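The listed protein sequences derive, respectively, from chains F and U.
FYI, this note's numbering numbers position 28 of the first sequence as 28, with every residue one higher than the one before it.
FYI, this note's numbering numbers position 20 of the second sequence as 211, with every residue one higher than the one before it.
These are computed hints drawn from the structure, not numbers from a lab.
Keep in mind it's a predicted model, so treat the numbers as computed, not measured.
The beta-carbon is built from N, C-alpha and C at its ideal position, and this holds for glycine as well.
A few of these clues could be false.
Stretch by stretch, here's where chain F covers chain U in the computed footprint (C-beta under 8 Å, at least three residues) [claimed, not checked]:
(1) 357-370
(2) 458-465
(3) 546-554
Given next are the chains, with one letter for each unit.
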Amino acid sequence: MSIRPLIEISLHGRGGQGAVTAANLLVAAALEDGNVGVQAFPFFGAERRGAPVRAFARISDEEIHLRSEIYNPDIVIVLDESIMNIVDVLKGLKENGTILINTRKKPSDYIFSNKYTVATVDATGIALKNEILVGGIPVVNTPILGAIPRILDRVTLDSIKNNIKSKWKSDLSNKNVKAAQESFDQVEVNQ
Amino acid sequence: MNNIMIDTGNYIAAKAAVMAQPEVVAAYPITPQTTLVEGIANYHETGEFKGEYICVESEHSAMAACIGASATGVRTFTGTSSHGLLLMHEMLHWAALARLPVIMCNINRVVGPGWNIWADENDSISQRDTGWIQFYCSSNQEIFDTIIQSFKLGEDKKVSLPVMINYNAFILSHTSMPVYIPNQKEVDDFLPKRKPVWNLDVNNPITFGNMILPPEYERVRKEMQDSQENAKKLIKDISKEWKNKFGRYHGDLLEYYKCEDSDYILLSMGAIGAESKVAINNLRKKGIKIGLARVRTFRPFPKEEILKISKNSDLIIIDRNISIGMEGALFSEVKASLFGKSDSKVYGFIAGLGGKDVTFQDIEKMCEKVINGKANNMEWYGIEGV
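Kindly produce the complete structure, drawing on both the sequences and the hints.
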């Protein structure tokens, strides 16, 4: 089998939304799906609840030697659309790159949908509906994870569900698995 | 799949430490080491770590507690970083001079002020002369493997010295990667229970650390030096044994990468040592004959091996540290290893201090500056317009 290209993913969210956990679960799922080299890491800074945060993931068919940050992602994932008012989330995104946004808008509502593949899903709505809350705040990482297999063929929904199940127990696990499935079903992609 | 664990460098280090079954862990938390000791505390809670976990009030006390425990003949482990390591300084000398194989992870972090929690190797480099063996790791798998191997190395009677396993703040400590974890029996077979060279025993009282006259003290120092020399061979043997048992190998004193026909060889350590492989691949695609010798052990220093690779290659050094008033520490050591025995040219770069990101493109630029004949003897990458 030939070596598929390295995939670099950059996640934008706010402290407490679960961006780092999302990156970790994503690469664990990718490993289960046969991607031999995977890596997940936070932006190396002090994280505060509510402040803009970033996390990164790499998915490869080979051992990854890279230890630097990701400057030119293939995929950008936005966990909180209000971040887009203060952070240029498209900065460095590769030509023909993909951006997945947690929003109630449609892909065509974004002017950059003529340039990039845009995927949208109401992850906050799904989190609220399934009562995935920490301190009253919806945690959107599992619905966001459920949407990823729709934009990246290196990861399957089954593996994402498996890793959610091994991270959380019983009721919480069921809620998160259900949220991932709903997100997978509801995500809209412009191309 | 069952024996692959995907986790951060710190949690992988916690797993390795616990699988080595130390009887005592004493530690004080400091960013970015915190999750390492938190991981061990968690294994203590679940019962997977059966030894004693001593919460102390400072790093100086953490090392003192490890020294005391180790002196009774048991296996000990701790972890620290940056200012924590510096606060241990007196006790680091003590552990080495008492010939106690305390095993410790140090997460390489900037020394302040100004306050900064990112990767920089000046913390451990400034502990160079304490007598500790120093490893520098470049992947989570290497962290796991090196920790288990270090117990065997430090506890061997031919060495009987403490070992410091260094890895970069955040770049490894907080990055998740897949790591192959052997089962407990495999680890136990590789690493038998510690057999101390000497130990404190209430049933057979002895005194340690009493007055010692100049000639004997000098002999103690000479024996430490001899033991570091012994460690060179043992590190090779242990790496080979690990390779045969588990199929994984990260090099011994050095890791060689595409060095065979090289006109130039890059020497780097830690995370930059991994990123360098990407740079080497790209430079080779451009037709440049260049290889990498990643330095895994800073003490003992692989001077014979470095002299050997200098015979047909010029050397390019990247230091994520600076000995203020001189130059990068690795740069100095490499030149000392070659002095009077090699005509090879040696170029040094300082890069990535304060946690500044060092990408493969940066490494390629440094190498190309040397190859194009434009590099000065020592350069600050990114400050003086490289």
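For the segment 357-370 of chain U, do at least 3 residues have a Cβ located nearer than 8 Å to some Cβ of chain F? Our answer is that it holds, as 10 residues pass the Cβ test (under 8 Å) against chain F, meeting three.
Three or more residues of the segment 458-465 of chain U near chain F by CB distance under 8 Å? Since three or more residues must qualify, the claim that chain F covers the segment 458-465 of chain U holds, with 3 doing so at under 8 Å.
So is the segment 546-554 of chain U in contact with chain F by the C-beta rule, three or more residues under 8 Å, or is the coverage claim wrong? Coverage by chain F holds for the segment 546-554 of chain U (5 residues, Cβ < 8 Å).
Of the hints listed earlier, there is not a single one the structure fails to meet.
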